[in-house]
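A.B. asks: Take a look at the letters that make up each chain.
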Amino acid sequence: MSAAEGSRTSDARKLEYLRDLIVVLTAKEIKGRYKNSWLGYAWSVLNPLAFATVYFLAFGVFMRVQITDYPLFLISGLFPWQWVSHSMSSAPNIFLANATLLKKVRFARHVLVASAVLSDGFHFLLSIPVILVFLAIYHVAPTWLWLVGVPVLIGIQFVMVYGVGLLIASLNLFLRDLDRLTILFIAFLFYLTPIAYTSSMIPEEYRLYMYLNPFTPLILNWQQLFLTGTLSGGAVVAAGAMAVLSAMIGYLTYSKLAPRFAEVI
Amino acid sequence: MIAIRFTNVSKSYPRYLHVTRGLKASLLSLSQTVRAFKQEKFLALHDVSFEISEGETVGVVGPNGSGKSTTLALMAGVLKAEMGCVSVRGHVCPLLELGAGFHYDLTGRENIVLNGVLLGLTRREVIARLRDIVEFSELEEFLDQPVRTYSSGMVARLGFSIAVHLDPDILLIDEILAVGDLHFQAKCREKIKWFKNRNATIVLVSHSTSDIRQLCDRVLWLDHGKLVGQGAPHEVVPLYEQSQLMRSV
Numbered sequence: 000m001s002a003a004e005g006s007r008t009s010d011a012r013k014l015e016y017l018r019d020l021i022v023v024l025t026a027k028e029i030k031g032r033y034k035n036s037w038l039g040y041a042w043s044v045l046n047p048l049a050f051a052t053v054y055f056l057a058f059g060v061f062m063r064v065q066i067t068d069y070p071l072f073l074i075s076g077l078f079p080w081q082w083v084s085h086s087m088s089s090a091p092n093i094f095l096a097n098a099t100l101l102k103k104v105r106f107a108r109h110v111l112v113a114s115a116v117l118s119d120g121f122h123f124l125l126s127i128p129v130i131l132v133f134l135a136i137y138h139v140a141p142t143w144l145w146l147v148g149v150p151v152l153i154g155i156q157f158v159m160v161y162g163v164g165l166l167i168a169s170l171n172l173f174l175r176d177l178d179r180l181t182i183l184f185i186a187f188l189f190y191l192t193p194i195a196y197t198s199s200m201i202p203e204e205y206r207l208y209m210y211l212n213p214f215t216p217l218i219l220n221w222q223q224l225f226l227t228g229t230l231s232g233g234a235v236v237a238a239g240a241m242a243v244l245s246a247m248i249g250y251l252t253y254s255k256l257a258p259r260f261a262e263v264i
Numbered sequence: 000m001i002a003i004r005f006t007n008v009s010k011s012y013p014r015y016l017h018v019t020r021g022l023k024a025s026l027l028s029l030s031q032t033v034r035a036f037k038q039e040k041f042l043a044l045h046d047v048s049f050e051i052s053e054g055e056t057v058g059v060v061g062p063n064g065s066g067k068s069t070t071l072a073l074m075a076g077v078l079k080a081e082m083g084c085v086s087v088r089g090h091v092c093p094l095l096e097l098g099a100g101f102h103y104d105l106t107g108r109e110n111i112v113l114n115g116v117l118l119g120l121t122r123r124e125v126i127a128r129l130r131d132i133v134e135f136s137e138l139e140e141f142l143d144q145p146v147r148t149y150s151s152g153m154v155a156r157l158g159f160s161i162a163v164h165l166d167p168d169i170l171l172i173d174e175i176l177a178v179g180d181l182h183f184q185a186k187c188r189e190k191i192k193w194f195k196n197r198n199a200t201i202v203l204v205s206h207s208t209s210d211i212r213q214l215c216d217r218v219l220w221l222d223h224g225k226l227v228g229q230g231a232p233h234e235v236v237p238l239y240e241q242s243q244l245m246r247s248v
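Each protein sequence line maps, in turn, to chains E and C.
According to numbering that gives the first Met the number 0, the residues represented by the first sequence are 0 to 264, in order.
According to numbering that gives the first Met the number 0, the residues represented by the second sequence are 0 to 248, in order.
One should not assume that every hint holds.
Part of the chain E face toward chain C, derived, beta carbon under 7 Å [to be verified]:
(1) TYR16
(2) ASP19
(3) LEU20
(4) THR25
(5) ALA96
(6) VAL147
(7) GLU262
Below, in silico cross-link-like pairs of lysine-lysine (DSBU-like), each with a Cα-Cα straight-line distance of 30 Å or less [to be verified]:
(8) C:LYS40 x C:LYS79
(9) C:LYS225 x C:LYS195
(10) C:LYS225 x C:LYS79
(11) C:LYS225 x E:LYS13
(12) E:LYS255 x C:LYS192
(13) E:LYS13 x E:LYS30
(14) E:LYS13 x E:LYS255
(15) E:LYS255 x C:LYS195
(16) C:LYS40 x C:LYS225
(17) E:LYS255 x C:LYS225
(18) C:LYS192 x C:LYS225
(19) C:LYS195 x E:LYS13
(20) C:LYS195 x C:LYS79
Rather than coming from a laboratory, the hints here were simulated on the basis of the structure.
None of the values given here were measured: they were computed from a predicted structure.
Using N, Cα and C, we set each Cβ at its ideal position, and we do this for glycine too.
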């Protein structure tokens, strides 16, 4: 056995390889996405801002929803939501877009999903300064807890979205019109998550059902962190548990279906 | 030493068309879908056994749909055998179709790293080979241009250069020598010969029987998923050519 062959099987090299695969694919996503659009980075900020404006008009001005600093409240939920909806809507096509590769090369394909989700997370991270600007306008200051809270919530959200994305991406190879369904699903999920309204506005008897929505604890955490600079342990654990559950379901489905990918693609 | 061994390998594809046509159609005719799942199968490989020794260059010939690509996919490990056993020793590197795994907005340099990592090397290992890859591809001056500005011949050159510099133990080539200009094709053949001298194992699928004659030590002839012949090129290739001619008469 040659030296190169020997090092190929060592665990340290496997880890280094997995890291490199994630880095290279994520860099590809990030570089590729905006290379041809002149607004570049601005898109990842303009999009949630545009939605915030429309929701503010529709719900705040026309329907007169009584939430203090409603624009700020909208922004605190919409920016993280943008990450969720972006990753989920691109998920059905992740494997399809790499068809030739999947047919020929054996590699950890789930990294394709992870890197797509990571690159959306990267754009979310870049949009946080805009949230800071809005906080300043409303005279709210960030707290030191942000330094811990933001990375922790980003981690939880990554695991959560990775799981859902992996599930959608894998299933879509077998049921090709899942992408239509996904678009509907994202729209429903948005209205069932307390982003345009607060959880206290939900009538008592329905509030429990709200927690069946796996994204509710996550978004509540973000709003709490951005608006009050605090986090509650229980809510973070709830979001984390949802994330682990999602990753497990996603990964199990993927491992079950992956050996057949090259046949159906 | 045996590099690749197929023992009574069979592989059939369910006709997934019935399912992949869409959710609505599948659900509306649920019983039909279930039946399709159970019954309709397409036998791509049927009870195929062969061995390829380390350092051998083996050509695979056969008409379209005879199971050549399935055989390569089983060697690459992207498909699983249904029956029988496929065992492969060493690092396998498939030569990708024109530009598969490339991102056209990235530069040539970025794509070398991307492609190298996808094919199983770490970034460090790819970067250590960067100079050789670039030199072989003869694309120095375009290295920092986005690949979308490349001609298809240039893309093919880059792809081939990457694959052959990754030091694979086993190189899988699926009908790829037809790309690039004559000068580069000649260079590819030279490189394959160089590989042979380094005792690498090569499996070459090609419709070009002259390539097979020139490069291969042995030929596997597949037809309708069965191994119908194997042996030295000068024995098997004429028989195969004859059968192809008979078919077209």
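A.B. asks: For every hint, state whether the structure bears it out.
C.D. replies: Status of the hints after comparison with the structure:
no.	hint	in the structure
1	TYR16	holds, 5 Å
2	ASP19	holds, 5 Å
3	LEU20	holds, 6 Å
4	THR25	violated, 11 Å
5	ALA96	violated, 11 Å
6	VAL147	violated, 31 Å
7	GLU262	holds, 5 Å
8	C:LYS40 x C:LYS79	holds, 16 Å
9	C:LYS225 x C:LYS195	holds, 27 Å
10	C:LYS225 x C:LYS79	holds, 17 Å
11	C:LYS225 x E:LYS13	violated, 37 Å
12	E:LYS255 x C:LYS192	violated, 41 Å
13	E:LYS13 x E:LYS30	holds, 25 Å
14	E:LYS13 x E:LYS255	holds, 22 Å
15	E:LYS255 x C:LYS195	violated, 38 Å
16	C:LYS40 x C:LYS225	holds, 16 Å
17	E:LYS255 x C:LYS225	holds, 29 Å
18	C:LYS192 x C:LYS225	holds, 29 Å
19	C:LYS195 x E:LYS13	holds, 28 Å
20	C:LYS195 x C:LYS79	holds, 28 Å
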